[in-house]
Structure formats: C-alpha cells, structure tokens
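Asks: Could you build all of it, start to finish, from the sequences and the hints given here?
The lines below spell out each chain.
There are 2 protein chains.
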Amino acid sequence: MPAISIKGLTMPESPIRKLVPFAEKAKSKGRHVFHLNIGQPDIKTPEVALKAIKETNISVLEYSHSAGFQSYRDGLVAYYKKMGISNLTSDDLIVTTGGSEAILFTLNSIADPDDEIIIPEPFYANYNGFGISCGVNVVPVTSRIVDEFALPAIEEFEKLITPKTKAIMICNPGNPTGYLYTKEELGKLRDLVLKHDLYLIADEVYREFAYDNKVHHSILNLDGLEENAIVIDSVSKRYSMCGARIGCVISRNKAVMATSMKFAQARLSPPTFAQIAAEAALSTGPEYFTEVKEEYVKRRDILVDGLNSIEGVFCPKPTGAFYAMAQLPVDNAERFAQWLLSTFEKDGKTVMLAPAEGFYATPGMGLNQVRLAYVLNQEDLIESVEIIKEALRQYPGTLL
Amino acid sequence: MPAISIKGLTMPESPIRKLVPFAEKAKSKGRHVFHLNIGQPDIKTPEVALKAIKETNISVLEYSHSAGFQSYRDGLVAYYKKMGISNLTSDDLIVTTGGSEAILFTLNSIADPDDEIIIPEPFYANYNGFGISCGVNVVPVTSRIVDEFALPAIEEFEKLITPKTKAIMICNPGNPTGYLYTKEELGKLRDLVLKHDLYLIADEVYREFAYDNKVHHSILNLDGLEENAIVIDSVSKRYSMCGARIGCVISRNKAVMATSMKFAQARLSPPTFAQIAAEAALSTGPEYFTEVKEEYVKRRDILVDGLNSIEGVFCPKPTGAFYAMAQLPVDNAERFAQWLLSTFEKDGKTVMLAPAEGFYATPGMGLNQVRLAYVLNQEDLIESVEIIKEALRQYPGTLL
Chain Z
1 MPAISIKGLT
11 MPESPIRKLV
21 PFAEKAKSKG
31 RHVFHLNIGQ
41 PDIKTPEVAL
51 KAIKETNISV
61 LEYSHSAGFQ
71 SYRDGLVAYY
81 KKMGISNLTS
91 DDLIVTTGGS
101 EAILFTLNSI
111 ADPDDEIIIP
121 EPFYANYNGF
131 GISCGVNVVP
141 VTSRIVDEFA
151 LPAIEEFEKL
161 ITPKTKAIMI
171 CNPGNPTGYL
181 YTKEELGKLR
191 DLVLKHDLYL
201 IADEVYREFA
211 YDNKVHHSIL
221 NLDGLEENAI
231 VIDSVSKRYS
241 MCGARIGCVI
251 SRNKAVMATS
261 MKFAQARLSP
271 PTFAQIAAEA
281 ALSTGPEYFT
291 EVKEEYVKRR
301 DILVDGLNSI
311 EGVFCPKPTG
321 AFYAMAQLPV
331 DNAERFAQWL
341 LSTFEKDGKT
351 VMLAPAEGFY
361 ATPGMGLNQV
371 RLAYVLNQED
381 LIESVEIIKE
391 ALRQYPGTLL
Chain H
1 MPAISIKGLT
11 MPESPIRKLV
21 PFAEKAKSKG
31 RHVFHLNIGQ
41 PDIKTPEVAL
51 KAIKETNISV
61 LEYSHSAGFQ
71 SYRDGLVAYY
81 KKMGISNLTS
91 DDLIVTTGGS
101 EAILFTLNSI
111 ADPDDEIIIP
121 EPFYANYNGF
131 GISCGVNVVP
141 VTSRIVDEFA
151 LPAIEEFEKL
161 ITPKTKAIMI
171 CNPGNPTGYL
181 YTKEELGKLR
191 DLVLKHDLYL
201 IADEVYREFA
211 YDNKVHHSIL
221 NLDGLEENAI
231 VIDSVSKRYS
241 MCGARIGCVI
251 SRNKAVMATS
261 MKFAQARLSP
271 PTFAQIAAEA
281 ALSTGPEYFT
291 EVKEEYVKRR
301 DILVDGLNSI
311 EGVFCPKPTG
321 AFYAMAQLPV
331 DNAERFAQWL
341 LSTFEKDGKT
351 VMLAPAEGFY
361 ATPGMGLNQV
371 RLAYVLNQED
381 LIESVEIIKE
391 ALRQYPGTLL
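Protein sequences appear in the order of chains Z and H.
Residue numbers for the first sequence follow this note's numbering, so the first one is 1 and each next one is one higher.
Residue numbers for the second sequence follow this note's numbering, so the first one is 1 and each next one is one higher.
Careful: at least some of the hints might be erroneous.
The list makes no distinction among identical chains, and a pair is therefore deemed to hold if it is satisfied within one copy or across any two copies.
Said to hold, decoys possible - Here are the simulated DSS-like pairs of lysine-lysine, each with C-alpha atoms no more than 30 angstroms apart in a straight line: (1) Lys254 <-> Lys25; (2) Lys44 <-> Lys54; (3) Lys27 <-> Lys254; (4) Lys254 <-> Lys18; (5) Lys29 <-> Lys346.
Read the hints as simulated data drawn from the structure, not as lab findings.
Replies: Following this line, the structure appears as structure tokens:
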C-alpha cells in the first residue's frame, strides 16, 4: 500500500474534535450537552444577507472573478473605511474562501518549506494545520494566563527570530484568549517587524467584538507598516455566517497581493452564492452589532464572573471575541473534559469544554486550562456554570 | 521590504489570464470577442439546484460537517452507483470546495515537499499551481497530438519513476485534450502503479461528457486498485455550476481519507449554500445530460470539422469533455492569439484562444497549438471558425 505523507502523519487532529466521540456517547445516554467548546455562534445571520440569496436570479452559476466580485470588493473598501481603516483600494484585497484560505494564500506567498512564523500561544489551533499544509513551522512564544494573555515581552520574540523567520502572526482580538491588544503593544510589534524586515500578519476576524468601551486597533493603521502588514478577515463571526466560507486577505504590499492573486487564480474563484450573501450583509446596520455586543457582554459576565466565583478557578475577563480561557483546579483538563461527558451529569445535563493543551505548541503548557466559547444563551450559561461548579466538587481529580 | 517566497515567485500565471489585457483592449475598441479560451459553459444550471437555494430556510448560517452534509454525501454515493461505481460508502468521500481543494487535500495527504507526481502533458495548467502550493514537483510525460493524445507508452512513465515519485495523475476525459482513456489504457496504468506502489489520481470531473457512444471508465472500478485509486470530482462542469465551488475527493484507502479529513477539519467546512444547491442538483434527470451532450456533440463537430477544413490546421476529434486541441500553421500560437485580439477583426469581431504552451510542462512543447473550449452556441462557433480561417489568411506569421 502506498504511503501517507509525513505532512499528513504530523497533521494534528483538531483539539475540539478529539472529544466528539465522548459527546456522542453522552448524547446517546440521553444527556443534554451544553456546547461551550465551539465558536459557532447561535446569533442570527442578518436577514438582509439571507434575503439576498432567496432573491438571486441566476441562470448559469458562473465562476466569479478570482479576486471576488468587483462590487463586493468595493463594498469591503467602504466597510473598512467605516471601521476607521482608510486609504484601501479594492486592489489591496482578495476575497477568499473563508479566513482559512486567506491564511493559506498568505503563508504560500511569504514563506517556503522550513521557514518559520512566530505566533503568541495559546493560538487558534488550525494555524498549526495551515503551517503544515504550507510546510511552514509555527514557532510559539508563550503568553500567560496570569498576565491575562497580554503580549509577551518583545525580547521573548527576539530570542526566537532566525534567518528562517518570515513573519509574526497575531489574532486580535484573540481566539482562544479573547485578549484585545493595546495600541502600545501593536506599536512594539511594528518596531520589531520593521527592525527585522518581517511581515506582521493579523487575524482580525473578531474586529467588531470589542467590549467595555475598548477599541480594536487594526495593524493596517500602523504608520510605516504598509509593506509589512497583512490582515486576515472573514464574515464568519461578524455576521454569524460561518457556513458562507467568505473571507479576505488585505495588504498594501503590491508584491504580496500579486503573488496571492496567482494562488487565487489557481483555485479559480470564491463561492458565488456566499459572496452574494456577504455583499448584502455589508448593509447590516450598527444596531445589529450594538445588540449582539450587548448580548455577548452579558454572556461573558455570566460565564466569567460565575467561573471566578468557583473555588480554585481563575478566568481573566476578556475584552474581545467570544472566548474565555479558564484555569481549573484539576489534575488534567482533557481528562476532566472527558469525564464531564462520559461520567458526570447534573439533572441529566453536562457541558463540553475545549481542553487548552491543543491551543499551545509548547508541550506541557495549558494542561489545566480550558477554552470556553460563550455562544449559548444566558440561561444556558448560568446552568453551565452550575454544572462546572458541581462537577469540580465531584471530579476525582480536583486539586483543592 | 520583506521578501516574497520562492514558491510565490515560481507560481505560474494562468495561461488563460495572460491574454486578458489584450482581450480588454479589443473590447475597448468595440470589438466583439468570442471566448473560446475558457471552460465556462453557457449551459443553464439545472432549475432544481437554483430553486433549492431560493427555498432555503436558514436563520443561522452555520458551519457544516467538515466532510460535508451527511445527506449530500449519501446522495453522492447513490449518484456514483447510478454511474456504475458501486460499493462506495459515504466514508469514502469528503465534500470539498471545488475540485481544486480535492487536489490540495490529495497532494498534502500523499506527498511531501520535493516529492514528484507524473502527469501526461498537455495537462490542466492549474495542476502546476497546486503542485507548487504543496511543494510537490509535477513531472510531465508527453502525449502527442499526432496520437490524438492517447496514453504515452508505459515505458515513458517508467523512465521517470524515482524514489520520490508518489503518484501518476490523469484527467479523464481530459482538459485540455478532450481525450477519453480506454479501458485498456487504464488497465496499463493500474499495472504500473501496483508494480511501483504508487497512487493513481484521476480527475474525473468531465465524467458525463463522453460522446460517440464511448463509455467513461472510472479508476474506482479497476480491480485491485482499492488502496491506490483517488478520484477528484466536482459539480462545476457536470451541472454548469462553476461558481458553486463544490467538489469531492473519493478513495477506498482509509488512511488517505483519514488524512484528507484532517486537512478538511483545519479549513472547517465546505460552503453551505453551494452544498444545498449541489445536493438538489443530484435529482437532475438523465434528459438534462442527453440534451447537453447532444448540444456539445453538435458544437464539437462544427468546431473540429470546421478547423480541419482550414488548410494547415490539424485538430483531432475529441470524444470527451468540451475542449479540443488544434495545431495551427503559425510561427507561434501565443503571438497569433495576441494578434487576434490586438490587430485582427472580421466584421468587428474576433476570437480569444488559449495558447497551448501553458498546458505543457516541457519547455518548447505546444508552441503551435491552441486549446479551444466549445462552450459557445452553434452560430457563434460557425462564425468563430470563419474568423480563424480569415485570420490565418492575414496573419503575417502564417506558415503555408
């Protein structure tokens, strides 16, 4: 039998998926499982986007332009302007199949096999997979839960820079941390990449989700970074349109865009129906986001305050996205998450958590941490906190 | 300024796109351009697929399963059974974002950077781009226009096999050749890959388009090839749904599928709307294909018979897909194609051809060949042949 690639063998399984068989078993026992493990919001997709799809009048479902509909690209330029990111033209962005493809185009355009990109950990686990797909090595620099996952010291980055380093990559606000980088932190990253002639890649798909009157700062607004900044974006979370698979890659660096365009042409075009929906979604009013943000803030407070009221639990209050990382008083978070699904129940209900180990690249990190996505309604979150509290009382591996 | 990757620098531009600026100039002069250069059919998408989209009742546009909707995968199993490919289960296929992504998953699963796959040339030019994306080297084995692009002798393949060779890849029926491999040819490929423990990858996206009572043979039906055969598929051409971006990868090799699944999970899911349309399209009746095939046969005959009636032109009559390769009596086909757009006109009209050089990996091959897609209606094709005939009379580089 012919062999599987080393790439394929080393490709990690998603840390979220590993527990799926346990969840299926819990459900087969009739237990209700609250899914705090995945970033699939329950928020309604804007009506205007869904309506546009129903009103399509297509007779031949043709390829679109490889960079996406011109009208959608123009609409995106106007959207970014409204978000305070000015002076973009439609040539500075390419519509992609989800943020995922934007990352692939970026890595393929700036890095060769065995090159390195430095990413603060914990990070979105699929960055590993995209690195492996492109043959690029992800080098972690650890941010710490005690620091609420603030940017690690710049010296920590500098220690890791080698001739193979091509970029620093951040997710802002962060998945899985919910951390929102300050302007000062971003300024430090700018100085670092300029000093070492690196790219700065920012995954800004949670841009809208900044709370407590804090402001999201895009790396596209950092002075002097025009040739170095590459932004990954997506409509998945913004408009609760995860299934659309529409994202984009943005850079003012013309060589990066011309190269990304060659990869875009090879795959022909992004999906047409989803582009129609995403373009229509651009007219979503600010009241949609005000409502959604108010809802997320309430949920965050219920979850985070609830968790922090449990003895031995530490959960920094995030100011962005819809994730929180919590440190639990357990022997091992993955074992605890399995036990929650396989053994525990409270009134026939339990919760599914994402063990944090899979979000770290450094072995041994995050062993007593979990990621929680507050994508459930408020009552469910109140109940979920009660379940975790009771579970920590009963779990044989609780360290208190 | 930070550097572009070597990958990015060596990534070829699509041979079809290179002429686009010339076409734009022709159009700006008010000339009508008949597009024989692209495989975008003018055939109507089945009504049932478009209707399904209008009738969607979605409130949260969620991620689908990474392997695609279970109902769609079950539907695909039934479709393949109807096409004579039995004994597949839904675990043997993963729904992808176009055939493009199916190729990426396949190459990533079976080959590492610097590994090689052998492909008969001329081949679909984007195979090069997918090879570069994955770091895999495409090694061409030349099929010849005088042989109507039949499978090259097996000894020619064997000469090219090295320890780095991981697969032989074919497109059947072929883009750009329209060649339909015989059962005997496929049997020879089977023996070859079994002898050398290689994968056989077949891009079978034109399966339905076999003419003159010839039958398409899938490599999934070759005895003894269960662990070696990987099929790339797509709805783009079958249902004239190029803009959907829905394909699939199929193999009975469980390790290949488990590995592809890890790459599928990293990118989360294929597009939801397009999957709904593709699933609905499965109920397209046989009369749709009968009509479409009748139409393509008429077009092929107009184009190919017309071209062969021109002095010095040689165009083997293809029995599959909707492409033909023609050898022209010109100094250089790319120069001729440019001249057609920049200088020539017949009653204010001209044609756009795809120079064949970009479909060959061996330098110097195909310099006097073009690919023509017969995706225009019959009158336009009749006129296109007249334009080519007149152009060859006037072109300064005609060699007659």
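Asks: A separate judgement is required for each hint: does it hold in the structure or not?
Replies: Going through the hints against the structure:
{"no.": "1", "hint": "Lys254 <-> Lys25", "verdict": "between (51 angstroms within a copy, 23 angstroms between copies)"}
{"no.": "2", "hint": "Lys44 <-> Lys54", "verdict": "both (16 angstroms within a copy, 19 angstroms between copies)"}
{"no.": "3", "hint": "Lys27 <-> Lys254", "verdict": "between (51 angstroms within a copy, 27 angstroms between copies)"}
{"no.": "4", "hint": "Lys254 <-> Lys18", "verdict": "between (40 angstroms within a copy, 18 angstroms between copies)"}
{"no.": "5", "hint": "Lys29 <-> Lys346", "verdict": "within (13 angstroms within a copy, 75 angstroms between copies)"}
In this structure, every one of the numbered hints holds.
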